Amino acid sequence: MFALMKHWREREVRFLALIALTALLIALHLGEGLSLAAREGAGHRVIDLKTLERRIDAGDLSDREAIWYHQATPREVGGGRP
Amino acid sequence: MTAVTCELCPRACVIPEGAAGDCRVRVNLGGKLRATTYGRPSAVHIDPMEKKPLYHFHPGSRIFSLGTAGCNLHCLNCQNWQLSQRGGDEVEQTYRAEPAEVVAAAKGEGCRSIAYTYSDPVVFYEYVEDTATLARAAGLTNVFVTAAYINREPLRRICRVLDAAHGDLKGFDDGFYRRVSGATLKPVLDALVTFREEGVWLEVINLVIPTLNDDLAMIRRMARWMVAELGADTPLHFSRFSPQYRMRNLPPTPVETLVRARAEALDAGLRYVYIGNVRGDTGSSTVCPRDGTLLIGRSGFTITANHLTADGRCPTCNDKIPGVWQ
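Going down the list, the sequences are from chains Z and A. Taking my numbering, I'd label the letters of the first sequence as residues 1 to 82. Taking my numbering, I'd label the letters of the second sequence as residues 1 to 326.
A portion of the hints provided could be inaccurate.
[Claimed, not checked] Now the in silico label distances, taken between C-beta atoms and shown as ranges:
| no. | chain 1 | residue 1 | chain 2 | residue 2 | range |
| --- | --- | --- | --- | --- | --- |
| 1 | A | G110 | Z | V46 | 39 to 49 Å |
| 2 | Z | R9 | A | P252 | 48 to 58 Å |
| 3 | Z | D57 | A | P252 | 38 to 48 Å |
[Unchecked claim] Every beta carbon over 10 Å from chain A, so not counted as near; a handful from chain Z, in silico:
| no. | residue |
| --- | --- |
| 4 | E10 |
| 5 | H29 |
| 6 | E32 |
| 7 | G59 |
| 8 | L61 |
[Said to hold, decoys possible] In silico SDA-like cross-links for lysine to any residue, where the CA-CA straight-line distance does not exceed 20 Å:
| no. | chain 1 | residue 1 | chain 2 | residue 2 |
| --- | --- | --- | --- | --- |
| 9 | Z | K50 | A | E197 |
| 10 | Z | K50 | A | L185 |
| 11 | A | K32 | Z | H29 |
| 12 | A | K32 | Z | H70 |
| 13 | Z | K50 | A | L29 |
No lab work stands behind these hints: they were computed from the structure. Bear in mind the structure is a predicted one, so any value in this text is a computation, not a measurement. The beta-carbon is built from N, C-alpha and C at its ideal position, and this holds for glycine as well.
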């Protein structure tokens, strides 16, 4: 294997470095996602609001007000997921 | 734009207008949090109690079971992911079933209990509370089948109308919870203790997944914690994993692994340890811890023998067997 590597040119090295960097970034992204998901104040999900409102209007879903919530404080808004 | 903070589960989601919490179904509309699946279940069935599984709570009875879309956990091995990992805007089918209609249907079908199940009932909390209140008034019992990822105060309140809970303790390792379920361990342990403190009949299930949470030392630690914090009489069910959803790369749990886990938990001091999700009757029957008398025989979800006395005692030694039998 090392004998083969002697013939590598700069182009191959750059290509492999790019692959390694990509793999590293993917791993970091996945890791961050998991740790964010498990963290307090872990944020929210963007939904298809029009579909939701249409289904509420049609009676397929409810707009019943929930309990156990409060208006978010500035500190909470600043600390959540962007 | 008025954001709200959900106080229901440990995630404490901060939700801007027009978005949902992590559970997908609690949505901020106009600065108010809405429970969008209230009265809109997507799964409704009548099951045997043994399917929940609850083995020490009205054995052999039928239980009216319902669940809505959404969940506050995201287990890679979820068996109900088509329901749990979707929001109200994504799920295909919803039924209109207001609390009074659920109670009437359960009674009409001859069920003595209602189970809030399939997805996690934490995310349809208000629907559970209203239905359970009416059900109790109508003489039905209420069963909460949950991963127990809920804050203590909401849990204490809902416990007032619950009779039994089936708590899912997915593993006894915080890293496992983070990697597999996107959650954390401590709030789950706190919630299980709260069920006990509030007098709700509790049974615990542990799904044993090969290579991820089948370490016998960890299982022993879990059993010891249960003995110390929940009591030795709390039933523990070891359930067999089958490849599902995003965890199809692992094989089903070998039955021998479940047998070893059961032996470990019994050795740690638990008195009622069961094996589930396997064919036949391996480890699924209730026997008297004192003298080994067969009390309730089971095969799958079927009761094959019931030798308990009418007041829930062993017919041989007359020991009281913990549970809700009447």
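Hints, verified against the model:
1. A:G110 to Z:V46: 39 to 49 Å: Distance hint for A:G110, Z:V46 holds at roughly 44 Å.
2. Z:R9 to A:P252: 48 to 58 Å: Given a distance of about 49 Å, which is inside 48 to 58 Å, the answer is holds.
3. Z:D57 to A:P252: 38 to 48 Å: Hint holds: Cβ distance 45 Å, inside 38 to 48 Å.
4. E10: 38 Å, holds
5. H29: 15 Å, holds
6. E32: It holds; Z:E32 is separated from chain A by about 12 Å at its closest Cβ, greater than 10 Å.
7. G59: At roughly 7 Å from the nearest Cβ of chain A, Z:G59 sits no farther out than 10 Å, so the non-interface label is violated.
8. L61: The assertion about Z:L61 is violated, with a minimum of 4 Å to chain A.
9. Z:K50 to A:E197: Measuring from Cα to Cα gives roughly 44 Å; hence the hint is violated.
10. Z:K50 to A:L185: Roughly 36 Å separates the two Cα atoms, so the pair is violated.
11. A:K32 to Z:H29: Between A:K32 and Z:H29 the Cα gap is close to 32 Å, so the pair fails against 20 Å, i.e. violated.
12. A:K32 to Z:H70: With Cα atoms ~9 Å apart, A:K32 and Z:H70 stay inside 20 Å; holds.
13. Z:K50 to A:L29: 12 Å, holds
Hint violations for this structure: numbers 7, 8, 9, 10, 11, all remaining hints satisfied.
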